[in-house]
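Colleague: Here the protein sequences line up with chains A and B, keeping their order.
Just so it is clear: in the first sequence, position 173 is 173 by the UniProt record's numbering, and no numbers are missing.
Just so it is clear: in the second sequence, position 22 is 22 by the UniProt record's numbering, and no numbers are missing.
Check before you lean on any hint, since a few could be wrong.
A pair holds if it fits inside one copy or across any two, identical chains being indistinguishable in the list.
[Unchecked claim] In silico BS3-like cross-links for lysine-lysine, where the CA-CA straight-line distance does not exceed 30 Å:
{"hint": "1", "residue 1": "K636", "residue 2": "K691"}
{"hint": "2", "residue 1": "K350", "residue 2": "K487"}
{"hint": "3", "residue 1": "K81", "residue 2": "K153"}
{"hint": "4", "residue 1": "K699", "residue 2": "K650"}
{"hint": "5", "residue 1": "K650", "residue 2": "K531"}
{"hint": "6", "residue 1": "K492", "residue 2": "K451"}
{"hint": "7", "residue 1": "K50", "residue 2": "K23"}
{"hint": "8", "residue 1": "K350", "residue 2": "K153"}
{"hint": "9", "residue 1": "K153", "residue 2": "K329"}
{"hint": "10", "residue 1": "K350", "residue 2": "K306"}
{"hint": "11", "residue 1": "K350", "residue 2": "K94"}
{"hint": "12", "residue 1": "K253", "residue 2": "K57"}
{"hint": "13", "residue 1": "K451", "residue 2": "K487"}
{"hint": "14", "residue 1": "K23", "residue 2": "K126"}
Keep in mind the hints are simulated off the structure, nothing from the lab.
Bear in mind that the values here come from a model prediction, so they are computed numbers and not experimental data.
One-letter residues, chain by chain:
2 protein chains.
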Amino acid sequence: MKKLFLLLCISVMINYMMAQELKSPNGNQVLIFSVNNVGEPVYTLTYKGKDIIKPSKLGLELFASENVKFGAEVKKEKEPKTSLYDDFKVVDVKSTSFDETWQPVWGETKDIRNHYNEMAVTLNQKSTDRNMIIRFRLFDDGLGFRYEFPQQKNLAYFVVKEELTQFAMTGDHIAYWIPGDYDTQEYDYTTSKLSEIRVINEKGRQGNLSQTGFSETGVQTSLQMKTSDGIYINLHEAALINYGCMHLNLDDKNFVFQSWITPDANGTKGYLQAPCTLPWRTVIVSDDAREILASNMTLNLNEPCKIDDTSWIKPMKYVGVWWEMITGKSEWSYTYDVPSVLIGVTDFTKVKPHGRHGATTANVKKYIDFAALHGFDGVLVEGWNIGWEDWFGHSKDFVFDFQTPYPDFDIDEIHRYAKSKGVKMIMHHETSSSVRNYEQQMDAAYQLMNKYDYPAVKSGYVGDIIPRGESHYSQWINKHYQFAVEKAAKYKIMVNAHEAVRPTGICRTWPNLIGNESARGTEYQAFGGSKPNHVTLLPFTRLIGGPMDYTPGIFEMNISKINPSNTSHCNSTLANQLALYVTMYSPLQMAADFPEHYERFMDAFQFIKDVAVDWDNSKYLEAEPGEYITVARKAKGTNNWFVGNVAGEKGYTSSITFDFLDADKTYIATIYADAKDAHYKTNPQAYTVRKVLVTNKSKLTQPSAPGGGYAISIFEMTDKAQTKGLKKL
Amino acid sequence: MKKLFLLLCISVMINYMMAQELKSPNGNQVLIFSVNNVGEPVYTLTYKGKDIIKPSKLGLELFASENVKFGAEVKKEKEPKTSLYDDFKVVDVKSTSFDETWQPVWGETKDIRNHYNEMAVTLNQKSTDRNMIIRFRLFDDGLGFRYEFPQQKNLAYFVVKEELTQFAMTGDHIAYWIPGDYDTQEYDYTTSKLSEIRVINEKGRQGNLSQTGFSETGVQTSLQMKTSDGIYINLHEAALINYGCMHLNLDDKNFVFQSWITPDANGTKGYLQAPCTLPWRTVIVSDDAREILASNMTLNLNEPCKIDDTSWIKPMKYVGVWWEMITGKSEWSYTYDVPSVLIGVTDFTKVKPHGRHGATTANVKKYIDFAALHGFDGVLVEGWNIGWEDWFGHSKDFVFDFQTPYPDFDIDEIHRYAKSKGVKMIMHHETSSSVRNYEQQMDAAYQLMNKYDYPAVKSGYVGDIIPRGESHYSQWINKHYQFAVEKAAKYKIMVNAHEAVRPTGICRTWPNLIGNESARGTEYQAFGGSKPNHVTLLPFTRLIGGPMDYTPGIFEMNISKINPSNTSHCNSTLANQLALYVTMYSPLQMAADFPEHYERFMDAFQFIKDVAVDWDNSKYLEAEPGEYITVARKAKGTNNWFVGNVAGEKGYTSSITFDFLDADKTYIATIYADAKDAHYKTNPQAYTVRKVLVTNKSKLTQPSAPGGGYAISIFEMTDKAQTKGLKKL
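Given only the sequences and the hints, what does the whole structure look like? Please build it.
Modeller: What follows is the structure, encoded as structure tokens:
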């Protein structure tokens, strides 16, 4: 009560015509908010005294026709005011502090500190008497802010035409970006100056089964930038729920980004109802690139976990019937016997199988055997259910049946066999973006999973969205992804959604969202290849929002050896592939290659067997976007550590100390590194494995090849005999 | 085998350049089909030697961009041929006969004869090598035909731009029509010449919460017409599944109707995949209006029942908490306490109730008591679930929760109480046309119904459809209605869908589709009133496709007595209201008025108590669209008959004989008729009830007032004592 009184006093004392200042707990980040002479909200951000965001406007524009007031009946204003960006006065400012440490269900660290100073500014639009709150949270690692609409009589239902949030940059920064697109995020990153985006934009738009650009200077978030004086700035959003996903559109004369929300089919950007809040807009800032990677701001801006019993949510390492279809060695489909298939009409027991189907009972058992032998938790099988013959390109509504296996996939026998081997099956629900078809079958599909004890589902959204005209990241479809996750939670099912909207930390609230793709994954190494520095950028961009099911572990980089008609090359060394299990944080990690490829390199494969998927601690040791990342992680509930380093096109010589280890202990480290002549293109399989003793005083200088890297497993020595023949590092 | 050989011979012998003739079993209907010199399919229809359909073209136009061929990958033709209406040659003609009698699960008669001659013409489009079959079925009461696309290599997926089916009339017929509309069917009928439609069209478009016209000469089906020489022609469709609903657009210079399919949001009219069939186009023809009403052609053109066990499908007579909200006496909603409600956020146990909520436990119990006392099967309750505060006008996606009752609706107690009284509760699912919201909750909602033993659901689709831009009758949404019915069948739930697409006989295949509204129902008597002849037209139009939940039984016509601010008048006499239970065939019949109104007229109410809802036989005795209908029906499994007569604006003096009764029996008939001075407007509650003895020789001449009618219950005399004091008719 006393606290409340104090707050009220502070509020009343503030001179509302004056700018409001908010500082981060350590004082490095400073936000200034003001309302200008025409009532426009404006903010700036500085970091260690340097401008990060120059004066930038805030607000929304509404659709007139939908701008209805609440009453006994629907009243439409004749000339409704569509601006929610001007004519404002400040009527209240509340400043508070928050400091809490919470424990994620799974994560990079056991504890996460959520520490910020907050300022909630209540604005009143004078001519309409509408209220809007802008809530700023300033952390030591950056800024989050969002628009909030309290319940009020003059604004109940409203439709957003555009959000007008600006991020005014101070200069022509280096940006690590992919082109804005309403339907795909699966682009290779471009490193360029902001001023170069316009020219390069279209070139950066590689082909995809569904893609929709909107502006020559449009880019996606999370957008990583670097200023000429070495400050790293990351723009993204947090808690994207019930709204279109934010893109950024650049005014490249003034270097001002403005929010560009993904529209629904009818061009609207958000149907809103007060009380409501929009997603957080985030600006992570540091002069140390490692702090960008270590930031928990996105998670912290999400709501705490809404699942009471989380005991069934368990990180998983898995193998699967997948890479063989991706490379073209086998197929998802079952038959070529008919010109097209119709669910419920085509009798798959009567058609002639083409003999190239991957998801056969016998083949699946081979993967189950491999998983059991090497201690993997799960086996994913794609192509198990009917519909794959026509799975994309036909705008087919009832494209998949999520309950009926192909005749050669014996779901009962596979369930029995997997159970007998102690392996869990991972379900696959490719929707071909026919979202209604999936929702209509969702309960039945999840019930089937419960019946056959599948703890997790990989869902997919390839191709154009149905309902036709919708895109992959609009409010309408974002609500579907969220619906799928929340319904899955009711069935105690973990979700790994591919081609879904990029994550924004929602896994804090719904930790059964155990993974997402939402970027260019390993599959592109079989679709022509990705840039060798791709994996040095993903942690700065895509992973800011949450873990990625990147599906690493490719040991055979020459794809034509698998399928002679596929000339793709996996642009990565084998050691780099190992390092990804550490550098690409995810509670879900696949060993994507074939068992027979792993069997050729069992000494290297040992790292994949050993590496953890859940962590008590993570230390980012080295980082530069596009160049290199080195991280050490402590496996959950153990004293074992794993280190990963990945390098870009130029390679990198890493220098690390092991000071993260306990002071009084000796550890056995196995270092999986590129051989001297290794190269992602010409000699990717050249690696060395060496075992050494390390302590917290040890240091390592380790070169990584172009597109290379290294991985280290570090086990606490429990028996002196283990050290026999091992030298100190 | 012999038969097949014969057919093949016939096929081969036909000169394909010649016209093909098909006759109905009795020879009255004759169809001629030919392909003209540019390969356009053309048909004509005559009835008893008179032209009914003049030469009319058939075919479809496709969308170019979506006109994809099947192959290993999606191939788009550079200049695909979009016509499926010309360049055809006849490659095969198969003629067959069919004669079968089947038993509906419920219906107007115990047995239905399905007797037709069929001609299936296979057409090949020369330049594309695409095949299309046009299948004609000629019944004694009319023609059905449809387009079929067999599986073939040159046509797998295709998108309809427009269907080009013509119905060329022979002159300026009288038509009984409502304006074409993608979103509502709830219009009063206009009787006019075809040439007058253009002028009247907009005037015929009364206000509705969702409406979308498309043409000044567009009308809906079923369209009833009458020629100057007394032939009745009815145009409609049968088995509308997976396609847009057909409207008719009139070329009013030449009196040629052309099909106009309801488009999806993106303007497409049907995404199709071969093998597939389109809905049947129907032309019912007779020189006796009674034969139009007695026609079973629409049902016969649908597939046989697809539900194995139909024992749970039972016709019902019901009362409900409904008319009080329709008239404005009480409300669906619970509170005015908040400017808007949010499902999952608003705590309804904490808001202040407005005290006008209809669906309270106490009020529902009153209806249960009334139902139990008078032998009704069920009680419908609208407004039981949260969300009604904001139920329309806000384009609100998550508008209703179908699982959570308002705090004053005790679902457990109501379940217990209804069960103790032997009454079934009828569920209500108003969706506000937020179709996704309903589909997302459908399994849970149906499971709740199973839990609480609700055998039937009334669903509603008020307001604009969500997904936004879709309409009420497009392929996309029609698939939803069908999905809801088929899923309901899995849960053994009967469906009564309001505002859904007009029925097309699908209740043969899915007899759990126990009712539909899909026209202007009794509610409009409290929304300003309907024309007094409306109920003499509905059986000729809306009921051609299936039963209507018309909700008759209004005894208090002065709505202002219920709600002083509602000046509506129910344009019907009380006797007319009774007759509707017989003239408006439905396996689901409501007694819609308040218990206290029935209690004022218990002698008249007796008819509603007595009347059956399922029948072994039906005899249409008199009929003229817009003027009068008289029908006698024999109650299922009994020897009792019920007669109903309704009259239009002019009144009518009915003359009937009772020759439908058994020859050797005496019956006690209770005649509920308009009093001499009765009138729908000035004196609607003036009625007489008289009891007489009748045999199969009896005749009755009975005047019906303007907007009036009469009803007769006829019970077989089982005890001589019953006749005491009764005179012969």
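Colleague: Up to 30 Å between alpha-carbons, please classify K350 paired with K487: within, between, both or neither.
Modeller: between (35 Å within a copy, 27 Å between copies)
Colleague: My question is about K50 and K23: at a cut-off of 30 Å on alpha-carbon distance, are they close within one copy, between copies, both, or neither?
Modeller: Cα proximity of K50 and K23: one copy only (14 Å, versus 91 Å across).
Colleague: Go through the copies and call it for K699 and K650: within, between, both or neither, with a Cα cutoff of 30 Å.
Modeller: Answer is within; shortest intra-copy Cα gap is 23 Å, inter-copy 105 Å.
Colleague: Have a look at K451 and K487 and pick one of within, between, both or neither, based on CA distance no larger than 30 Å.
Modeller: Cα proximity of K451 and K487: in one copy and across copies (16 Å, 20 Å).
Colleague: Is it within a copy, between copies, both, or neither that the alpha carbon of K153 lies no farther than 30 Å from that of K329?
Modeller: between (62 Å within a copy, 26 Å between copies)
Colleague: Under a CA distance limit of 30 Å, which applies to K253 and K57: within one copy, between copies, both, or neither?
Modeller: within (17 Å within a copy, 60 Å between copies)
Colleague: Taking 30 Å as the upper bound on the Cα-Cα distance, should K492 and K451 be classified as within, between, both, or neither?
Modeller: Both: 12 Å inside a copy, 22 Å across copies.
Colleague: For K81 vs K153, is the C-alpha pair at or below 30 Å within one copy, between two copies, both, or neither?
Modeller: within (15 Å within a copy, 56 Å between copies)
Colleague: Checking K650 and K531: alpha-carbon separation at most 30 Å within a copy, between copies, both or neither?
Modeller: within (12 Å within a copy, 84 Å between copies)
Colleague: Regarding K23 and K126, is the shortest C-alpha distance of 30 Å or less found within a copy, between copies, in both, or in neither?
Modeller: Answer is within; shortest intra-copy Cα gap is 29 Å, inter-copy 77 Å.
Colleague: For K350 vs K306, is the C-alpha pair at or below 30 Å within one copy, between two copies, both, or neither?
Modeller: between (47 Å within a copy, 22 Å between copies)
Colleague: With identical chains treated as interchangeable, where does the CA-CA distance between K636 and K691 reach 30 Å or less: within a copy, between copies, both, or neither?
Modeller: Within one copy only: 23 Å inside, 88 Å across.
In terms of the numbered hints stated before, the structure departs from none.
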